[in-house]
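Place chain B on chain A using the hints.
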Amino acid sequence: MATLLDTIHSDPRGTAVPVENATPVNNHEFRADYEARRKIFPSRVQGFYRRLKWILVAVLLGIYWLTPWIRWDRGPNAPDQAVLLDLAHRRFYFFTIEIWPQEFYYVAGLLIMAGLGLFLVTSVAGRAWCGYACPQTVWTDLFIQVERWVEGDRNARMKLDAAPWTLSKWRKRLTVWASWILISVATGGAWVFYFADAPTLAREIVTLQAAPTAYFTILTLAATTFWLAGFMREQVCTYMCPWPRIQGTMLDENSLIVTYNDWRGEPRSRHSKKAVAQGLDVGDCVDCNACVAACPMGIDIRDGQQLECITCALCIDACDTVMDKVGRPQGLISYSTLVDFEHHTQTTKAQGREAAKAEQKRVSLARMATPRTILYFALWAAIGLGMLFVLFTRGHLDVTVLHDRAPLYTTLSDGSVRNGFTLKLASKTLEERPLELHLEGLEDAVMWTAENETRARSLSVIVPPDAVRDLRVFVSRPRGATPDDFTFVLTDPESGETVASKAQFEAGAKR
Amino acid sequence: MTDIGADKGFPRVPGSEPYRGEVDQPTGTPTTGHEWDGIKELNTPMPRWWLWVFYATHVFALAYMILYPSIPLLRDGTTGLLGWHSRSEVAQDLSAAETERAALYAQIRDLPVEEIVKNDELRETAFRGGFSAFKVNCVQCHGADASGSPGFANLQDDDWIWGGTLADIQTTITHGVRFAGDEETRYSEMPAFGRDGILERPQIQAVARHVLALSKSGEEDAEGAELYVQNCASCHGEGGEGSREMGAPKLNDAVWLYSSALTDIERQINSPRHGAMPAWGQRLDPATIKQLTVYVHELGGGEASTEEDAATQ
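Just so you know, the sequences run in chain order A and B. For the first sequence, counting from 1, position 135 maps to 135 in UniProt numbering; every step adds exactly one. For the second sequence, counting from 1, position 132 maps to 132 in UniProt numbering; every step adds exactly one.
Chain A extracted, bound-state conformation (with noise of 0.2 Å):
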C-alpha cells in the first residue's frame, strides 16, 4: 500500500476530510471477467442504519439462539418446548400450535406468505432482505466485526494482509480464525436444538452421547458458516443466490434503492474551494471515497444502481458522516425512488441544485401505498388469516377406513357376511378420553372387536393422547346380506365433536 492518506483537502469552511484511496474491486471497469476475487476490507462507519444493523443484528441472532430454550408447558403428554420440529415423532410444536405431519399444508402456506412477503418488502424497501436481515449478511457483518476488533479497521487490515507471514500475523489470523470457529459452531449447535428437547440434546452433546446426525448437522453448518461468511462473504451474493435475481425483477419506480444523488453530488471535486475560486461549478461529492471504503460488496454506489449492491446502507452513513464534517446537509447519498431522483434532477435542472436540495425529502409512508404494494400486503394477509382461521377451528378427531382386501368378506356357519375393517383413530387433544364409535346405514349390522366379541351397534373405544390408534373392526350383516355402502362415526361425548368415514359393506357369491 502506497500512501493511504492521499490528500487533505479541506473544505471552503476549512475540515480536513482523509480520502480514502479505495477503489471499488468489483466495479465491471476494475475487473477483467477470469480474474481470481479480490479482497474486500470495509472500514468501519458511524451513523443510523449502522446502528439499526447492529440492533437488527442482536435482535435477528438472539431470536435464532434463544428460542429452542422457551419453555411452554402442555400438560404431560407432549414435550414443554415452545418451537420443536420432532421429526422423530413426527410433530411440530410452534407454541400454541400443535401440526401433524398431515397437515403439512400449513408449512406451505407459510412458505406462500414469506413469498408474497418478500414481494412487499421488496417493492417497497428494494432489497432490505439482503442488507438487514439475510443470514448471510448478519453473519458477514459479524465476522468482519471480529476482524476489526482483532486487526483494527480497514487500513491496518489491509496492511497485515499484505505483510509477510510474521508471528504477530498468525497470531491475529488464528485469533480472528478461532473467534469465527467460535461463532460457527454456535450457529451450528444452536440449528440442532431446534430438533430435539434443547437441555437433554445439550447435554448429550456435550457427554458426546448425542446422535451422529447432531454431531454432523453441527460440523456441516459450522464448516458452511465459516466458509460463506469468513471466506465467500459478498461472492454468495453476487454469484451463488438466485434472491438478487428475483428481487432485481421485482423494483420499480417506487421502490427504494440506496442512492447517489447525483444532481446534488456532480460534478464531484476534491478542491472545490479552488475550482469554486475558479468559477467552475462544483456538487457536493468531495470525492472522497468513503462511500466506496465503507462497501461491503467492493463497488462504488455512484455508478448507478447495481446488481452487487446488498442495500445495507452503510455508505450512506458513511457519506452522511463527511456531508456533517464539510457542512452540508446529508443525504448526498440516501434511500430514494426513482421517481423522487427524477423529480430532484428535474428541478435541479430548472432551478438549480439548491432548489432542489431545499425540497429533498425524507421517504414518505404514503408514497409506498402503491396499488402494487396494496394489492400483496391485502393477499399476504389473507392466507395468514385464512390460515389462523382454519387452524383454529380445526377438529381434533380423525377416523380413516381400510377395508381388508383379502378376504373381502367371509360367509359365517349362519350365512350371514363378515367384513373386516381396520379403523385409523387420530386423537390430536393431549388427554386420553373415550370416544364413541358407531355404524351409520345398514340397520341389519353388527360391529365388535377382537377385545370386546358384543355383538352392538355402537362401541367405546379409547384412543391414547395425540395418536393414531388402529383398530380391528369386524363388521356382519345376516344371511342373505348384498353390498352397500355404511358410515363410520366417531364421536368425542365430551365435546361433541364428530368425524365420519364411508365405507363399504361387500358381499356376494364367492367366486
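It cannot be assumed that every hint is accurate.
Looking from chain A toward chain B, a few residues come up when the C-beta cut is under 10 Å (computed) [to be verified]:
# : residue
1 : LEU61
2 : ALA355
3 : ASP404
4 : GLY415
Bear in mind the hints are in silico, worked out from the structure with no lab data behind them. A virtual CB, placed ideally from N, CA and C, is assigned to each residue, including glycine.
Just chain B, lined up with the frame of chain A:
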C-alpha cells in the same frame, strides 16, 4: 513465445512444452484448432477444484478396491483387506434382531397360548410372527388370505371341523390331520356309501337333498331324512350339527368344505375325499406353532377357551 494459457487453472504436465498454438484473442484461451464455419472451439481448461476432485475420486477408487471386495475372478472375487462381506453384515443384523426379540420369544416359548393372548405385547408379537410363519408354511393350501379353497378349510370363518379354541387349533397344527407319521393326528374317515355299495344311487341323491335342506338351502326330502338318520346321524348328528370328536363337519350351516352344489354333495357321499395336513410339530418349533395358533385364532373366527382347556394347560 509467452507461456499462454499456463495460468488458467490447468497445471501443465511437468516437462511439457508450453502451448504454442492459436489463442483466442478476446478470452486469451487457446483453441483446439477445430473450426466450423469460422467458429473455433476453445480449449478451456477444467477448473482446478474440479481437477482435484477428479484426482480424489481416483484415490478413493483405488483405496476402495484394495479394502473391499471388488474384482470378479473366475470362481469368486478378490476379498479385500478389510474382509467385509455383505452376507456377514446380514448375519450380524439377523443375530442382532434375534437378540432383541430373545426375551419375548422366550416368554412365548414358555407360556401357554392362553396366557400369551392375555398380554398385549406378547399377543401382538405372536400375531406378527404367526403371520410370517403362515406366509411360509400355510398359504400353499389355506391361501394367502387364509380363506381356504375347496377341500382346504377356510380359517377366517367361525366353522371348525376340529374345534376353534386356542387349544384345539394348537393340537391340530401340532399333530396335523390324517397324517400318517403322527400317532396323535386328527383322524376321521367317512364310509364310501356309493363305492362300497351301502346305498343305491337314488338313495344317495335323496340323502344329498336332505343335507342341502339341513343347511336351509334346499327342499325337504322325506326319504333322504330317513336314510340320513340311519346312516349319517351317528357322526354328523340328528340335525346335522356335526361332531368335533368324530371330526364330522357341521352340515346345517352355510359353510362348505368342498361345495354346496347338489352333485358335489352326492359325489362326497358316494366316494368321500379326505384332506390331510402335516403334523407341523415335527417341523416347526413349539414357539412358532404357538404364534401360528394365535394368528389363526385372531383371524376372526377364534372361539373362547373353555374352563377345561384352561385347566389342562
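Q: List in ascending order the numbers of the hints, as given earlier, that are violated by the structure.
A: 1, 2
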